[in-house]
Amino acid sequence: MATEEAERRGAQVNAVHLKLGLLSGVVPDALLSSYEIACDDTPLKGSRLLIEEIPIIVYCSRCDAQRTLSSMQLFCCPDCGIPTGDVIQGRELEVVALELN
Amino acid sequence: MSPEPRLVEVRKNVLKQNDTIARALRVRFRSAGVFVVSLVSSPGSGKTAFLEKTLTLLSTRYRVAALVGDLATENDAARLARSHAPVKQIITGTLCHLEAAMVESAIVEEGWDLNQLDFLFIENVGNLVCPSSYDLGEDLRVVLLSVTEGEDKPLKYPTIFNSSDVAIITKSDLAAAVEFDGQLTRRNIQAVRPGMQVFQLSAKTGAGMDEFLELLAHRLAESRSAAAV
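Chains as they are written, first to last, in our numbering: chain A, 11 to 111; chain B, 176 to 404.
Just to be clear, a hint being listed does not mean it is correct.
Unchecked claim - Below, a sample of chain A positions facing chain B; criterion: calculated Cβ distance under 8 Å:
#	residue
1	M11
2	T13
3	E15
4	E17
5	N24
6	L33
7	S34
8	L59
9	I61
10	L79
11	A107
Claimed, not checked - Some, not all, of what chain B presents toward chain A, calculated at C-beta under 10 Å:
#	residue
12	V304
13	S307
14	R394
Unchecked claim - In silico lysine to aspartate or glutamate, EDC-like type, Cα no more than 16 Å apart, as pairs:
#	chain 1	residue 1	chain 2	residue 2
15	B	K187	A	E102
16	B	K191	A	E104
17	B	K191	A	E102
18	B	K379	B	D348
19	B	K187	A	E14
20	B	K263	B	E284
21	A	K29	A	E62
22	A	K29	A	E102
23	A	K29	B	E184
24	A	K29	A	E109
25	B	K187	A	E15
26	A	K55	A	E109
27	B	K263	B	E249
28	B	K187	A	D96
29	B	K191	B	D310
30	B	K187	A	E109
31	B	K187	A	D39
Bear in mind the hints are in silico, worked out from the structure with no lab data behind them. Glycine residues also receive a C-beta, built at the ideal position from the N, C-alpha and C atoms.
Generate coordinates for the entire structure from the input sequences, incorporating the hints supplied.
Given below as structure tokens:
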């Protein structure tokens with residue numbers, strides 16, 4: 011995806027900015043090490059992967075508000091304590107931007 | 176002198192291709208009136224035994240078929256064939272999960288007419304991590320957990336529990352022998368997926384299977400009446 015974009019713009023990619031939700035099922039460290047291997051022999055070789063970790067935000071119906079979870083082992087409103095599984099944010103696995111040269 | 180680096184906004188979902196195929200599959204499944212159930216769990220928690228029992232019990236009243244994913248061997252498909260339901264093995268090679276495109280091409284390869292099916296089961300590769308990120312177009316994702324695995328599994332793998340719709344505690348015939356704490360397990364499931372429906376059963380003895388089969392029958396009817404509107 012990043013390679014296509016770089017080729018289309020005729021530029022070299024310095025860095026790939028990625029949003030990674032805590033519920034995406036992807037571990038940042040594992041992704042970073044595999045990124046380097048995957049980029050070998052591609053136009054992305056030598057580029058950096060910058061990961062922005064996205065916390066889990068749920069909707070609490072009692073508070074009628076969005077709340078950030080403090081632990082992914084406990085899907086409860088951190089303010090009032092009622093269980094909530096209504097995930098608003100945290101599943102992202104998205105390339106947001108490319109740093110081009 | 177090299178020019179200043181510039182930042183270009185892209186905003187692309189990395190799994191977009193999978194999601195697009197999964198969405199198209201879901202539309203196809205819905206219009207054909209087939210209810211699709213996927214099974215995820217760690218290796219050895221009893222997915223295949225559970226599926227064999229489910230296919231056998233359902234096939235007296237419904238038209239069923241199954242796709243089963245594994246890294247290697249066709250052993251599972253051979254076991255499931257004993258249920259007399261059509262079964263197709265998907266060998267993933269080194270890939271630790273199924274993707275929507277594999278489901279799509281397996282259906283094409285087998286030449287299954289989805290209109291002639293009531294239920295299609297998809298048994299994922301035994302893995303509690305990667306399958307959570309890949310939508311397969313299923314209507315119901317079931318996560319299985321055996322009584323021998325430890326009550327804290329949901330806390331260790333919250334993402335797969337959170338991405339699933341229903342949890343099944345398997346091998347309940349062994350519960351006493353391993354001093355399984357069902358209450359604690361259910362509490363842990365609710366902590367990572369509030370409101371999740373939990374079944375406890377034994378594919379070996381058949382105890383508890385009825386409740387799950389009732390859920391399937393109910394969800395099939397519901398899905399068909401929704402599609403008819």
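Each hint tested on the structure:
no., hint, verdict
1, M11, "holds (6 Å)"
2, T13, "violated (12 Å)"
3, E15, "holds (6 Å)"
4, E17, "violated (13 Å)"
5, N24, "holds (5 Å)"
6, L33, "holds (5 Å)"
7, S34, "holds (6 Å)"
8, L59, "violated (12 Å)"
9, I61, "violated (12 Å)"
10, L79, "violated (10 Å)"
11, A107, "holds (5 Å)"
12, V304, "holds (6 Å)"
13, S307, "holds (4 Å)"
14, R394, "violated (19 Å)"
15, B:K187 x A:E102, "holds (10 Å)"
16, B:K191 x A:E104, "holds (9 Å)"
17, B:K191 x A:E102, "holds (11 Å)"
18, B:K379 x B:D348, "holds (8 Å)"
19, B:K187 x A:E14, "holds (12 Å)"
20, B:K263 x B:E284, "holds (9 Å)"
21, A:K29 x A:E62, "holds (5 Å)"
22, A:K29 x A:E102, "holds (6 Å)"
23, A:K29 x B:E184, "holds (12 Å)"
24, A:K29 x A:E109, "holds (15 Å)"
25, B:K187 x A:E15, "holds (11 Å)"
26, A:K55 x A:E109, "holds (14 Å)"
27, B:K263 x B:E249, "holds (9 Å)"
28, B:K187 x A:D96, "violated (24 Å)"
29, B:K191 x B:D310, "holds (10 Å)"
30, B:K187 x A:E109, "holds (15 Å)"
31, B:K187 x A:D39, "violated (21 Å)"
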